Amino acid sequence: MEFTYRAYRGLLALLQENGYSVRGYHDWNKTPRCVILRHDIDNSLPQAVRLAELEAEEGARSTYFVLLRTDFYNPASRDGLEALRHILSLGHEIGLHFDEASYAPALKPDQIIQNIIKECGLLSALLETRVSSVSMHRPSHETLEADYEIPGIVNSYGKAFFHDFKYLSDSRRRWREPVLDIIRSRKYDQLHILTHAFWYHDEEEDIAQTVGTFIRSANRERRRQMAENITDLESIVKREDVL
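Heads up: the sequence shown begins at 671 in the working numbering, then just goes up one per residue.
Careful, some of the hints might be misleading.
To be verified - Derived pair list, reagent style DSS-like, types lysine-lysine, alpha-carbon separation capped at 25 Å:
no., residue 1, residue 2
1, K836, K788
2, K778, K788
3, K700, K857
4, K908, K700
5, K829, K857
6, K788, K700
The hints are simulated quantities; they were obtained by calculation from the structure and are not laboratory data. None of the values given here were measured: they were computed from a predicted structure.
Generate the whole structure from the sequences, applying the supplied hints.
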């Protein structure tokens, strides 16, 4: 499967053709044949917005998991909040993407649960809506096997969703299993599909192109931010010097 918007539309169409109802973490059991669509926002909010708009056009709804502790974007900034609220307005759910590795020293299981609850509360306050699902960012083996039960919060890596469902992921821009063939086979009544909006574009790119473009785009974004705070930035730093 290509990492293009056209191919992703094709995946959504294939799910529908094979009888899968798109559901969320809170209502998946209302239909015998379902798929949960999940997106971890590791790097780029604008690309998450693009994919959320595509899904809305196709009548699909997903859960977008947001990092609070990251150097790549700020969910509390004006632009960050605007992006997340737009995703919500399209009918999608926002969940917490929890990075246990951002805490030092390493957290114990009860500390992980307490910090998930705390971060969900912070994200809920920012969005002014309840955040009640969590996915793990770069989870340790212990966390994958822990089956954490978190009061009032659905754990997307819990046994029901990580083992009982057929779990498929495009992590590091590589499908570990042939996702389209698995959908066509109709072998599984319950699918749990993780995709990362970061990898998808209008035309196919390899991993080096995608990562390289993202790194270079940081200059453009930083210059835009400086221009909002420094009058006549062009007289100080020429546009062509940083782009």
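Here is how each hint holds up against the structure:
1. With a C-alpha separation of about 30 Å, the suggested pairing of K836 with K788 is violated against the 25 Å cut-off.
2. Restraint check for K778 and K788: the C-alpha separation of about 15 Å stays at or below 25 Å, so the hint holds.
3. Annotation: proposed proximity of K700 to K857 holds, straight-line Cα distance about 19 Å (limit 25 Å).
4. Taken as a hint, the K908 and K700 pair is broken in the structure, with Cα atoms around 57 Å apart against an allowance of 25 Å.
5. Proximity of K829 to K857 is assessed by CA-CA distance (about 19 Å); at most 25 Å being required, the pair is judged to hold.
6. For the hint linking K788 to K700, the alpha-carbon distance of about 30 Å lies beyond 25 Å, and the restraint is violated.
In this structure, the hints that do not hold are numbers 1, 4 and 6, in rising order.
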